[in-house]
Amino acid sequence: MEVQEIEHRELPRLWELPPQRVIEDGLRRIRGSGTVYKVMLLISAVCAIVGIIAFIVGPISSGWNDRQAWTYVAITFGILMCTIGSAPCFSVCLRMVRGHWRRPVNRLAEIWAIGMIVPLILFFFLLGILPDTVGRSSFWFGWPVSPYLWDSVMMVALVICGYGFLYVGALPDMAIARDQIEGEGGGIFTRLSRGFRGTLYDWQIIDRAQGILGAFYVLLYVGSMTVIAGDFIEALVPGDNSAIFPAQYTIEGLEAGIAVTIFAMGIMRYLGGLDEYLEAEQFFAAAKLQLALGLLYFYTHWTEFIIWWYGRTPREVALLKIFYFEPYFWLFCVAFATMFLSPLFILVWTRVRMGIVGPWVTSGLVLVGIIIDNIRLYSASFSTPNIYLQELSTIPKAYVPGVTDILLAVGLLGGAVGVCLLGFKLVPYPSIWEVTAGIYLRVRRKYLKTEVVLIGKPN
Amino acid sequence: MAGPPNSPGAQQTQQPQSTQELEKMQQPNPPWLPRWGMVIDLDRCTGCQACVVACQAENNIPINTEEMYIQRRPIEWIRLERYWDGAYPDIKARFIPVPCMQCSEAPCEPVCPVYASVHTTEGINMQVYNRCIGTRYCSVNCHWHVRFFNFWQPKWPDSLDQQLNPDVTVRSRGVMEKCTYCVQRINHAEQNARIDGNRAVKDGEVIPACAQACPSRAITFGDTADPNSRINKLIASTDRAYQILAELGTNPQTLYLKKIDPYTPAAAEA
Amino acid sequence: MLERHSHSTEQIIEDLLRPVTQTTTMNWVAFIVLGGVLSAWVFAIGWMFYWGTGVLGLNRQNIWGILIVNFVFWIGISHAGVMISAILRLSQAEWRRPVTRAAEVMTMFSLMTAMTLPFIHTGRPWRTAYWVFPYDFWRGIWPDVRSALVMDPSAVFTYLSGTIMFVYVTMIPDFALLRDRSIGWRHALYRVLALGFKGSERQWKIQTISGFILAAIMLSIFVSVHSIVSWDFAFSLDPVWHSTVWAPYFVIGAVHSGVSAVVTLMALMRWMFKFDDYIREEHFDAIGRLLVVVGSTWMWFFLLDVFFDLWRQDPTDDAIMRMRFFEWPYTLLLGFIFIFGYFIPVPIWLFRRFRRNIKVMFWTSILVNIGMWSERYWLVMPGLQRKFQWTFDWVPYRPGPVDITIVLGTFALVGFLLLVFAKLFPPVPVWDELEGQRFAGEIQVGKRSVPAIIREF
Amino acid sequence: MAVRGVLGLFENVDTAVAGVDAVNEMGFGRSDFEVLSNCPFPEGAFGEEQEMHRLGLWPVVGAACGFATGLLITGATQMAYPLVTGGKPLFSIPPMIIIMYEGTLLAAVLFTVIGVLFESRLPRLGSSLYDTRITAGYIGILLHSPEEQAEAVAAAMRRAGAEDAILEPLRQTNPGRVRQQPQEGASA
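Protein chains in written order, with my numbering: chain Y, 600 to 1058; chain G, 2 to 271; chain V, 6 to 462; chain W, 59 to 246.
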């Protein structure tokens, strides 16, 4: 609330850094890797192995017909789509509103796209257990080869678009790496940077391509979240025609995408030694969006609940029970507390938002929330015996995960994080060219008796 | 909503002769609570529309003149819906009388902003004309279309001035109205019951106008809370009983008995 | 920004006060025309009160009519104000400055207009006033909070009073300006309204901060208002109305139509008041970019709604959807929704060249609102005509002359009120414009001097 | 001791800053004078001022009051009239939440606006020292000095480049309650 607080705090140091320094920081991770990085990479590697073993032992051995055995594969897939899948959308949104503070953050949001290969693989496995759309409620209406072909097209396009978006954004930095890094490390970048020379034409191409790919990424993300929510959750629960649900799921995804970015910002600041780049300014602005999406989370859930509460036909009562009240009540409570209450009550205070710890902790809570919420949704939708009914007559019992389920989820998540970590060897962070441009476009100037910051806005 | 407790011209009511009787009349409801319900046997119904006319006369419903039908604004608390089934020459007329279903969980009630449409303790879904402001939301949310709006000030030909039922309010322009299970008759019966020894209303003591007028005795009215009332017996005796639009889960109190039809068994499903 | 013209302070004030100080013949023509339509509107309402609701085109089945549709439309238009001013204030977007007040004022007037419609639509309006307003503490019974028709007035009332206070606070400095430059009754009026505002640093500080706080609060009100309006329909059990997506879908549709209406208003102001130096191409550019996003989101929700109406392939839903798709006039309206509401404007807005062309922006924004009006009709009316499988009761709906007069009258009313406002108060915030000028700077990058904005952090 | 207001009118920003310096030299702190302008300056353009305000508190208090009122009205309605409608619970929470939400926000807005008026010390119709040129772009420095120093202050301001320095007319009793002639009509 007290907006004047903002004006009295000291100006961020980032914009006074010499450009050479930015280059050094950007390439540090590529030149050599610290112990923390190595340890994290090791842990995730172990996770990945465990996860793959559990995957083979659990779902694959139990075959395609037993849908419930695949519950935690779907949950892992959902969590990944909601977090690393949506983080690039956050970056796109920042580019669209052209916030000046975004420059050190963008790359951190985009770099998650590297991990998208994991959910893609899981997705192809999951298609196996999906019944075709003949004679059941879906929005394909018996369209040929639906849902398999069209869902896959969506997902593949999304992943490709994500990689393209990341690559285009990183291209100038790869060129810098090519020139600054000697030895075999430089070799990769020579190939990757495609002879980018930084001519005006090159920059225009980069700008154009980033705009287009970004827009397509957001469209594809929304589209694929919609079909996933429809085909993997709603269509499997008889009588569920809640039209808000795909939007609800997408918004949860976007909230978690911001959360995962803020969380990574915190890690980079405390463990990655980037405290000059990721400062209160970045956390403050990102936390605002986190708060907004937390409110949207409540809004979408509330609209669904209130309509069912008023309608109260047997069909809707059954839906309220299975999703909210009977088997998964406590899961829902946890998700609600972490994804709505914690952003609301922690981030509504400007003082907290301007600190670093508040947003960071909140983002961690939101990540817990998104995990729990995916467990709630997929456990509910994968436990209904007969999906061809008009309404859910008996509420199935809650699905309690076994050891393999837990190992599988943890392992695959860890593996995905590991893939993203590998990305840091390939993509300079913080993004050198954006931060440098920011330094040029931002000057401190004396104004009468005070000192103000001028932010350049080229068109 | 019915007339004053002891209004003149009420045939079945004996007027209070003494203060004791007046006190008896005014003592509170007995502990037993009826839950009024209706069963319409479509197999007996001949579609003669006597119920419609009787209801019209009993409840002071304005005359449905031709232009009311042209405007598609007729007011029929109980109406006879007619559907053509099949194609000429072997074409059948299906019909179903539709009064208010008196849903136990009526969708028309919670949408009223001024509590004009509320549930009585006896399970009747009643309309409080004085309170109604005519938002018409109740009609929007009633899926049996048995709530009617007075688009105009009701008028009767001079010759009919004397036939208005004194027990029933004449609704003014701009209010909703609906079937009340002839609540005025129910009130009279309960008053009589209170007078002689505060007893329960006997089965068959209350007969709404439509049931009274039905020549083929297709309409049975009674207390569903009382296990051995005629209506409960009737429901128990057959497997033909069903509710219309039961899937909405509003639990209507008006039940139908399916038409027995060798040709199209499901014909009664309007 | 790019094409900012640096005028002297005096010049800016003169220009922006022109609509207040001068009355063109164009104004008079507009006053007379709109006044004529308004008198027809008043007559129609009087006629309806005298003869009763029967004069409307309603019937037993279609018990809510075009008036309710129009109510939804105007509530939708009213969502522009907060969308523009609040969101752009919070994100400190520089191009909000000339737009905010027009948008907020349009919010105010369209809300007032919208509220008249359900009120006169009730069977006994005098009773409505008697029961509901003022909140009835002593005469019998209070409104039933379970009814959406109680939430609705509470939400709209909150939004309306909030907007009025918001607009007033942001106008105090301009009242002070007018107070210092007027004589006679105008001086008396402005002097009272300005509350003795001096423009001290503290007052300016409070003014700025209150902008942020009020914007944040108004934003959360604005989301709730159209949600509740949609719940008027969605709380009922009617097949296609009873949809969980309607609340956000209505809100985003409202933003779509409202922001387009703001574009219309900006173009009109630019033409009528010669504000070319203040309402510039770059503003249309920015708002057009915003509209692309909003419009696409709206399309997404629209498709969600349609697909999930068909989702269960339930006969009751199918009856209505078949009517919506294949029966006159709904098939035409569907065409309007798709073509006017999305597929003509949004591709056009994708091109910077067109976004910066005022005429194009004006006409596309008009198209959008035609599309959105049809959308409201398309959404609301079929739900009543094919409510359930009672084909006996399937009755067509045709609005009568009185309905249509009242609907047209509402447009005249909003236009008239806006004109009157522009005669009394500056339609573009003068102090905000001056502040924008003062906070504009330049940065030398190499040979180019980049326009820059002063930020205090 | 009696206090007398001095209002220096400066045509542009630079002279205004000079005026501020001049006033500072005479030993007046930042809190002794206020700068009047026709649109906001960046924070502390005329030196940091310390004075705090509590505008942030108002909406919070308002929200609390509004929430309580909403709870009272909705709850009381359902308890005072236990009428069954549509088989809904006699005390149904979800509808209450919606109306409480509206009440909360309405009161929050209301309190914020009251807070704005209170914090910026409005309304003050009996206009104190003021000049219409300020809204025309001049910058005023309004200083309440001890009576005997007022003349000197005005002189200093003029020296610093003030186009005009208005002195509050002398009065003995009850400072601050004297009504000024409203200066009218630069242009209309």
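These are computed hints drawn from the structure, not numbers from a lab. Where a beta carbon is used, it is the ideal one built from N, C-alpha and C, also for glycine. Among the hints, erroneous ones may be present.
Not the full set, but computed from the structure, chain V residues with beta-carbon under 10 angstroms of chain Y [said to hold, decoys possible]:
# : residue
1 : Ala98
2 : Ala239
3 : Val250
4 : Leu309
5 : Val450
So, going through the hints one by one against the coordinates:
{"no.": "1", "hint": "Ala98", "verdict": "8 angstroms, holds"}
{"no.": "2", "hint": "Ala239", "verdict": "6 angstroms, holds"}
{"no.": "3", "hint": "Val250", "verdict": "4 angstroms, holds"}
{"no.": "4", "hint": "Leu309", "verdict": "5 angstroms, holds"}
{"no.": "5", "hint": "Val450", "verdict": "5 angstroms, holds"}
Violated hints: none; the structure is consistent with every hint.
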